[in-house]
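Peer 1: Model the full structure from these sequences, guided by the hints.
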Amino acid sequence: MKPPAQSDRSADTARFFDYDGSMTSTPTELIRNFSIIAHIDHGKSTLADRLIQATGALTAREMTEQVLDNMDIEKERGITIKAQTVRLSYPAKDGKTYILNLMDTPGHVDFAYEVSRSLAACEGSLLVVDASQGVEAQTLANVYQAIDANHEIVPVLNKIDLPAAEPDRVKQQIEDVIGLDASDAVEISAKTGLNIEAVLEALVTRLPPPVGDDTAPLTALLVDSWYDQYLGVIILVRIKNGRLRKGMRIRMMSSGAVHTVEQVGVFAPKLRPEPDLGPGEIGFITAAIKTVADCNVGDTITDDRHPATEALPGFKPSIPVVWCGLYPVEADDFEKLRESLGRLRLNDASFHYEAETSAALGFGFRCGFLGLLHLEIVQERLSREFDLDLIATAPSVVYRLTKTNGETMDLHNPADMPDGSLIDHIEEPWIKATILVPDDYLGAVLTLCNERRGHQVDLTYVGNRAMAVYRLPLNEVVFDFYDRLKSISRGYASFDYQMDNYLESDLAKISILVNLEPVDALSFIAHKSVAETRGRAICAKLKDLIPKQLFKIAIQAAIGGRVIARETISALSKDVTAKCYGGDISRKRKLLDKQKEGKKRMRQFGKVEIPQSAFLAALKMDA
Amino acid sequence: MQFLALYIHWPFCLSKCPYCDFNSHVRAAIPEARILAALRTELAFEAARLGPRRLASIFFGGGTPSLMAPESVAAVIADATALFTPAPDLEITLEANPTSIEAGRFRAYRDAGVNRISIGVQSLDDAALTFLGRNHSAAQAMAAVEIGRDIFPRASFDLIYARPGQTLAAWRAELATALAVGLDHLSLYQLTIEPGTQFATLYGRAAFTLPDDEDAAALYDATAEIAARFGLAPYEISNYAKPGQESRHNLAYWRYQDYAGIGAGAHGRITIGDQLIATRRHRAPEAWAGRVEARGHGSVEEAEVSADERAREALLMGLRLAEGIDTKAYAARTGRALIDTLDPDILDQALLAGYLEATPDRLIATAEGRKRLNSLLTALVR
Ligand SMILES: Nc1nc2c(ncn2[C@@H]2O[C@H](COP(=O)(O)OP(=O)(O)OP(=O)(O)O)[C@@H](O)[C@H]2O)c(=O)[nH]1
Ligand SMILES: C[S@@+](CC[C@H](N)C(=O)[O-])C[C@H]1O[C@@H](n2cnc3c(N)ncnc32)[C@H](O)[C@@H]1O
Ligand code: SF4
Ligand SMILES: [Mg+2]
Numbered sequence: 001m002k003p004p005a006q007s008d009r010s011a012d013t014a015r016f017f018d019y020d021g022s023m024t025s026t027p028t029e030l031i032r033n034f035s036i037i038a039h040i041d042h043g044k045s046t047l048a049d050r051l052i053q054a055t056g057a058l059t060a061r062e063m064t065e066q067v068l069d070n071m072d073i074e075k076e077r078g079i080t081i082k083a084q085t086v087r088l089s090y091p092a093k094d095g096k097t098y099i100l101n102l103m104d105t106p107g108h109v110d111f112a113y114e115v116s117r118s119l120a121a122c123e124g125s126l127l128v129v130d131a132s133q134g135v136e137a138q139t140l141a142n143v144y145q146a147i148d149a150n151h152e153i154v155p156v157l158n159k160i161d162l163p164a165a166e167p168d169r170v171k172q173q174i175e176d177v178i179g180l181d182a183s184d185a186v187e188i189s190a191k192t193g194l195n196i197e198a199v200l201e202a203l204v205t206r207l208p209p210p211v212g213d214d215t216a217p218l219t220a221l222l223v224d225s226w227y228d229q230y231l232g233v234i235i236l237v238r239i240k241n242g243r244l245r246k247g248m249r250i251r252m253m254s255s256g257a258v259h260t261v262e263q264v265g266v267f268a269p270k271l272r273p274e275p276d277l278g279p280g281e282i283g284f285i286t287a288a289i290k291t292v293a294d295c296n297v298g299d300t301i302t303d304d305r306h307p308a309t310e311a312l313p314g315f316k317p318s319i320p321v322v323w324c325g326l327y328p329v330e331a332d333d334f335e336k337l338r339e340s341l342g343r344l345r346l347n348d349a350s351f352h353y354e355a356e357t358s359a360a361l362g363f364g365f366r367c368g369f370l371g372l373l374h375l376e377i378v379q380e381r382l383s384r385e386f387d388l389d390l391i392a393t394a395p396s397v398v399y400r401l402t403k404t405n406g407e408t409m410d411l412h413n414p415a416d417m418p419d420g421s422l423i424d425h426i427e428e429p430w431i432k433a434t435i436l437v438p439d440d441y442l443g444a445v446l447t448l449c450n451e452r453r454g455h456q457v458d459l460t461y462v463g464n465r466a467m468a469v470y471r472l473p474l475n476e477v478v479f480d481f482y483d484r485l486k487s488i489s490r491g492y493a494s495f496d497y498q499m500d501n502y503l504e505s506d507l508a509k510i511s512i513l514v515n516l517e518p519v520d521a522l523s524f525i526a527h528k529s530v531a532e533t534r535g536r537a538i539c540a541k542l543k544d545l546i547p548k549q550l551f552k553i554a555i556q557a558a559i560g561g562r563v564i565a566r567e568t569i570s571a572l573s574k575d576v577t578a579k580c581y582g583g584d585i586s587r588k589r590k591l592l593d594k595q596k597e598g599k600k601r602m603r604q605f606g607k608v609e610i611p612q613s614a615f616l617a618a619l620k621m622d623a
Numbered sequence: 001m002q003f004l005a006l007y008i009h010w011p012f013c014l015s016k017c018p019y020c021d022f023n024s025h026v027r028a029a030i031p032e033a034r035i036l037a038a039l040r041t042e043l044a045f046e047a048a049r050l051g052p053r054r055l056a057s058i059f060f061g062g063g064t065p066s067l068m069a070p071e072s073v074a075a076v077i078a079d080a081t082a083l084f085t086p087a088p089d090l091e092i093t094l095e096a097n098p099t100s101i102e103a104g105r106f107r108a109y110r111d112a113g114v115n116r117i118s119i120g121v122q123s124l125d126d127a128a129l130t131f132l133g134r135n136h137s138a139a140q141a142m143a144a145v146e147i148g149r150d151i152f153p154r155a156s157f158d159l160i161y162a163r164p165g166q167t168l169a170a171w172r173a174e175l176a177t178a179l180a181v182g183l184d185h186l187s188l189y190q191l192t193i194e195p196g197t198q199f200a201t202l203y204g205r206a207a208f209t210l211p212d213d214e215d216a217a218a219l220y221d222a223t224a225e226i227a228a229r230f231g232l233a234p235y236e237i238s239n240y241a242k243p244g245q246e247s248r249h250n251l252a253y254w255r256y257q258d259y260a261g262i263g264a265g266a267h268g269r270i271t272i273g274d275q276l277i278a279t280r281r282h283r284a285p286e287a288w289a290g291r292v293e294a295r296g297h298g299s300v301e302e303a304e305v306s307a308d309e310r311a312r313e314a315l316l317m318g319l320r321l322a323e324g325i326d327t328k329a330y331a332a333r334t335g336r337a338l339i340d341t342l343d344p345d346i347l348d349q350a351l352l353a354g355y356l357e358a359t360p361d362r363l364i365a366t367a368e369g370r371k372r373l374n375s376l377l378t379a380l381v382r
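So the protein lines, in turn, are chains A and B.
The UniProt record's numbering puts the first residue of the first sequence at 1, with every later residue one more than the last.
The UniProt record's numbering puts the first residue of the second sequence at 1, with every later residue one more than the last.
Since the hints were derived computationally from the structure, they do not count as laboratory data.
Ideal Cβ placement from N, Cα and C applies to all residues, glycine included.
Warning: the hint list may mix true and false statements.
[As the list claims (entries may be wrong)] Selected chain A positions facing chain B (Cβ under 8 Å, derived; list incomplete):
{"no.": "1", "residue": "Asp176"}
{"no.": "2", "residue": "Gly179"}
{"no.": "3", "residue": "Tyr482"}
{"no.": "4", "residue": "Leu550"}
{"no.": "5", "residue": "Ser573"}
{"no.": "6", "residue": "Lys574"}
{"no.": "7", "residue": "Gly583"}
{"no.": "8", "residue": "Lys588"}
{"no.": "9", "residue": "Arg589"}
{"no.": "10", "residue": "Lys596"}
[Said to hold, decoys possible] The list that follows gives simulated cross-link-like pairs (lysine to aspartate or glutamate, EDC-like), each with its CA atoms no further than 20 Å apart:
{"no.": "11", "chain 1": "A", "residue 1": "Lys552", "chain 2": "B", "residue 2": "Glu301"}
{"no.": "12", "chain 1": "A", "residue 1": "Lys543", "chain 2": "B", "residue 2": "Asp212"}
{"no.": "13", "chain 1": "A", "residue 1": "Lys599", "chain 2": "B", "residue 2": "Asp343"}
{"no.": "14", "chain 1": "A", "residue 1": "Lys588", "chain 2": "B", "residue 2": "Glu194"}
{"no.": "15", "chain 1": "A", "residue 1": "Lys588", "chain 2": "B", "residue 2": "Asp21"}
{"no.": "16", "chain 1": "A", "residue 1": "Lys579", "chain 2": "B", "residue 2": "Asp212"}
{"no.": "17", "chain 1": "A", "residue 1": "Lys594", "chain 2": "A", "residue 2": "Glu330"}
{"no.": "18", "chain 1": "A", "residue 1": "Lys607", "chain 2": "A", "residue 2": "Glu330"}
{"no.": "19", "chain 1": "A", "residue 1": "Lys594", "chain 2": "B", "residue 2": "Glu194"}
{"no.": "20", "chain 1": "A", "residue 1": "Lys543", "chain 2": "B", "residue 2": "Asp213"}
{"no.": "21", "chain 1": "A", "residue 1": "Lys599", "chain 2": "B", "residue 2": "Glu194"}
{"no.": "22", "chain 1": "A", "residue 1": "Lys579", "chain 2": "B", "residue 2": "Glu194"}
{"no.": "23", "chain 1": "A", "residue 1": "Lys579", "chain 2": "B", "residue 2": "Asp308"}
{"no.": "24", "chain 1": "A", "residue 1": "Lys579", "chain 2": "B", "residue 2": "Asp215"}
{"no.": "25", "chain 1": "A", "residue 1": "Lys552", "chain 2": "B", "residue 2": "Glu368"}
{"no.": "26", "chain 1": "A", "residue 1": "Lys75", "chain 2": "A", "residue 2": "Glu65"}
Peer 2: Here it is in structure tokens:
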């Protein structure tokens with residue numbers, strides 16, 4: 001659900017405008033819509049590659065590995081961030097040619113909202129399980145979502161080329177843990193292409209076709225959207241009933257906005273124009289929409305002249321679990337930041353933002369994310385796609401605060417915490433976490449959970465793997481729990497969680513002072529039992545993260561007026577150009593001019609430059 | 001009459017050293033006659049626009065000017081002293097590489113008028129010389145230094161330290177040996193990774209490591225300490241001399257006085273009328289010569305240096321000197337009061353930290369300040 005790679009775009013756009021052919025649309029019996037779901041790295045995108053190749057949608061020359069992961073960040077990190085849709089055409093063994101709409105989804109828990117929206121656009125799922133790893137936490141989380149969405153599910157055992165693959169054991173696991181019949185699971189290697197034909201046949205024979213009424217008023221689900229400089233907003237839709245045509249006046253049922261459809265098409269996976277889209281089809285439209293606010297994922301698009309009476313159920317809104325402030329380094333960039341956030345949000349409905357101001361940082365936005373990886377990715381996309389220099393404050397969860405006067409407030413930013421004397425009590429959010437881990441590492445995992453103030457809810461075994469269910473305070477989990485879990489289990493533990501409830505807690509705000517000036521963006525809230533340890537750890541970390549500067553720097557952590565930790569960064573010992581003669585003056589002066597400009601733009605805290613990376617890194621506790 | 005320092009660039013070397021980003025080119029056959037003719041044309045061009053000047057110094061730099069025929073050196077000196085009024089103590093320096101062939105020409109350079117030689121020894125350790133890509137041994141280099149010392153009234157040589165793996169003890173020993181030769185001047189450079197050099201690529205690939213700021217500081221402190229034992233003081237960040245033996249030519253740069261630069265890639269700062277002009281010549285020798293032949297000079301850029309730019313340039317050069325900046329001369333040269341170009345908060349902090357010292361007529365970066373001059377400057381300029 002994202003635009004094709006930048007390089008293809010202009011050529012495609014040109015072709016797109018030239019199109020004036022016509023095509024008869026496909027009867028629903030010949031359509032299959034499916035999501036590929038799995039735990040992270042189990043091979044969804046690689047399977048998508050094979051399906052694209054097997055149906056000839058791309059030639060060998062056009063193929064790359066994980067061809068649908070076309071954002072640079074996805075390629076660099078080797079993970080899928082955005083769900084992606086492709087239309088394939090498959091001549092099946094029954095002699096008929098089917099249209100397959102494939103949706104590749106991300107596996108990481110932070111991008112779960114992409115999965116849930118994809119599921120709503122399909123009737124079935126390929127549940128991919130790495131046959132050498134077995135069922136993992138996100139396998140469970142995703143398959144339960146698919147079951148909730150009434151999906152027909154085809155289990156696929158991937159990576160059977162690996163010597164460590166144990167398809168029979170994993171089938172048993174699928175039956176025991178998920179309760180899904182795995183006797184017909186397709187055993188494949190997405191890497192070598194083994195048995196891909198069987199996946200295609202299973203899609204056609206085992207998944208139901210979509211149902212819909214061609215003659216009913218149009219209802220189309222707005223699944224995803226993104227901004228194109230030339231075309232305006234591009235919208236990915238799933239047609240439920242009726243027909244969406246070029247030239248039609250459409251209405252967004254929730255926002256009420258009306259637009260005229262300019263283009264209709266599909267991704268195959270290149271942009272391909274179509275005269276219209278009928279029931280069961282998935283494709284995109286453009287309608288010269290420049291107002292980002294007109295497009296909300298989950299909205300229903302209908303025909304303005306013959307509107308449907310009832311909107312589709314839409315999506316549950318995503319609820320951010322971690323927040324941070326984003327401020328432009330240059331105050332002048334505030335408007336640009338606002339516009340960029342709007343465009344990013346168009347393409348990432350799980351990202352939330354609202355304007356806020358800070359005494360130290362000026363005008364900016366409070367932004368909500370589904371996790372720390374999500375936060376990192378959004379920051380990176382903002383700097384790459386929109387060329388923005390940002391300051392991000394230390395991430396925080398939302399606390400509920402009751403003041404002595406009975407007022408309650410949601411605290412997103414520790415800097416806003418009122419004076420202790422005004423606070424009656426504070427509640428913090430708890431989650432319910434499911435952790436799957438091989439026996440050998442269970443002890444270490446339980447220790448970690450206990451260190452993080454967790455309470456065990458359940459512990460069961462599936463073969464030699466344990467499934468531990470824990471309740472944990474979110475602020476103990478959000479920053480580095482996942483990294484720690486991976487490292488103590490050598491990568492074998494997997495983890496998934498849901499928000500649970502709020503509970504009163506004994507919390508303190510820890511302020512960080514640099515050269516005696518408090519740095520709002522670094523203050524954080526922690527349970528009193530760990531406050532001092534955390535304060536010391538952060539000071540020690542900052543000592544490594546803040547580069548030496550001209551003068552020595554004092555770093556302190558304090559609770560109220562009480563200093564609980566301090567560190568000193570000594571002054572830089574040597575930093576001078578060795579050779580500087582007549583030929584070097586111009587260059588050296590220009591460098592100085594540039595550095596001076598850079599410095600002016602850098603936010604300084606007590607005359608100390610704190611690198612952007614420090615704000616997030618400081619909060620990650622390593623053992 | 002206003003003083004002038006004259007820089008002449010010889011842009012050729014026998015091979016390119018992996019650390020070096022000077023404008024130097026390797027040619028199978030150096031087109032010496034053509035380059036010499038072009039140098040003389042440029043010299044005449046500068047003399048014509050500069051008018052009468054007292055010539056304080058001439059510096060043949062490179063590249064490797066010791067590849068020039070002594071007759072070529074003689075011709076340039078003859079032109080320069082005819083076009084300008086030579087100061088009685090005119091200093092004429094030539095940079096030399098210490099191979100035996102070049103040392104063989106020292107006598108002839110002396111006869112041509114050169115009175116100061118600066119030799120690129122770089123190290124007294126053969127393994128280090130190999131690492132630095134030098135095509136001479138330590139013994140050859142020291143032999144050249146001795147010949148130079150005997151032939152020229154003044155001699156100096158260059159060493160590069162803070163090399164990968166070089167210990168403090170090893171550098172102390174190497175430096176003491178170098179100083180025992182008994183010269184009155186040495187240039188001692190910390191190895192710097194210059195962008196675009198072979199070392200930059202290697203360093204980028206982590207092929208070797210360099211000392212961190214603390215180790216570098218220790219090496220730098222030891223350098224001053226040992227030089228002091230032999231009576232040499234650091235009059236500039238990387239230059240050490242007995243009193244009165246400083247390179248007068250280089251002092252002109254650091255004091256931000258007028259200098260004309262001719263030859264490929266040479267820079268200049270010259271006063272014409274009431275303007276200070278920055279000049280820059282084309283870097284490629286043949287292209288430069290072509291321009292000179294076509295229009296009398298090979299400049300690719302001549303631009304007025306604004307008052308603000310002068311203020312920053314004079315500051316960044318002047319604080320390199322142990323004598324610091326003469327505030328009156330600074331104001332006269334730049335049109336800005338020194339105090340107005342500095343951030344008052346940082347000035348206070350730096351005075352307090354002992355990085356700067358102010359006297360009624362000078363602002364001086366102390367030894368501690370000079371060691372951190374880059375950060376100090378970025379913080380200090382306003
Ligand atoms: N040996 C083997 N490796 C495979 C197979 N399928 C995928 N892989 C490898 O597994 C890794 C992850 O594959 P992806 O296709 O990116 O996994 P994914 O499920 O899309 O990952 P996310 O989108 O990040 O959740 C890659 O290194 C693939 O090359 C397979 O059948 N056999
Ligand atoms: C123009 S160069 C020397 C000229 C002469 N061709 C030679 O190599 O001997 C001036 C001096 O700068 C020093 N130098 C050049 N590049 C350097 C670097 N990257 N780091 C430290 N010193 C350097 C060397 O000591 C060199 O002798
Ligand atoms: S260090 Fe000297 S010899 Fe080596 S390339 Fe540079 S100028 Fe030429
Ligand atoms: Mg993927």
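Peer 1: Would you mind marking each hint as holding or not holding in the structure?
Peer 2: Checked hints:
1. Asp176: violated (50 Å)
2. Gly179: Hint violated; A/Gly179 Cβ to chain B Cβ min 53 Å, cut 8 Å.
3. Tyr482: violated (30 Å)
4. Leu550: Because about 4 Å separates A/Leu550 from the closest Cβ in chain B, which is inside the 8 Å limit, the hint holds.
5. Ser573: holds (4 Å)
6. Lys574: Hint on A/Lys574: holds, closest Cβ of chain B at ~4 Å, below 8 Å.
7. Gly583: holds (4 Å)
8. Lys588: At about 6 Å, which falls below the 8 Å cut-off, the nearest Cβ of chain B leaves the hint on A/Lys588 intact, so it holds.
9. Arg589: At about 5 Å, which falls below the 8 Å cut-off, the nearest Cβ of chain B leaves the hint on A/Arg589 intact, so it holds.
10. Lys596: holds (6 Å)
11. A/Lys552 with B/Glu301: violated (42 Å)
12. A/Lys543 with B/Asp212: holds (16 Å)
13. A/Lys599 with B/Asp343: Distance ~13 Å between A/Lys599 and B/Asp343 Cα, so the pair holds.
14. A/Lys588 with B/Glu194: Roughly 13 Å separates the two Cα atoms, so the pair holds.
15. A/Lys588 with B/Asp21: At roughly 14 Å apart (the allowed maximum being 20 Å), B/Asp21 and A/Lys588 satisfy the hint.
16. A/Lys579 with B/Asp212: Holds, because 18 Å separates the two Cα atoms, which is no more than 20 Å.
17. A/Lys594 with A/Glu330: Status holds; Cα separation ~15 Å.
18. A/Lys607 with A/Glu330: Judged against 20 Å, a Cα distance of about 17 Å means the pair holds.
19. A/Lys594 with B/Glu194: Between A/Lys594 and B/Glu194 the Cα gap is close to 18 Å, so the pair holds against 20 Å.
20. A/Lys543 with B/Asp213: Holds: A/Lys543 and B/Asp213 sit about 16 Å apart, inside 20 Å.
21. A/Lys599 with B/Glu194: Roughly 23 Å separates the two Cα atoms, so the pair is violated.
22. A/Lys579 with B/Glu194: Within the cut-off at roughly 11 Å; holds.
23. A/Lys579 with B/Asp308: Given that 20 Å is the threshold and the Cα spacing comes to 23 Å, the pair is violated.
24. A/Lys579 with B/Asp215: Given pair A/Lys579, B/Asp215 holds - Cα atoms ~19 Å apart, limit 20 Å.
25. A/Lys552 with B/Glu368: It holds: about 14 Å lies between the C-alpha atoms, which stays within 20 Å.
26. A/Lys75 with A/Glu65: Holds, at about 9 Å.
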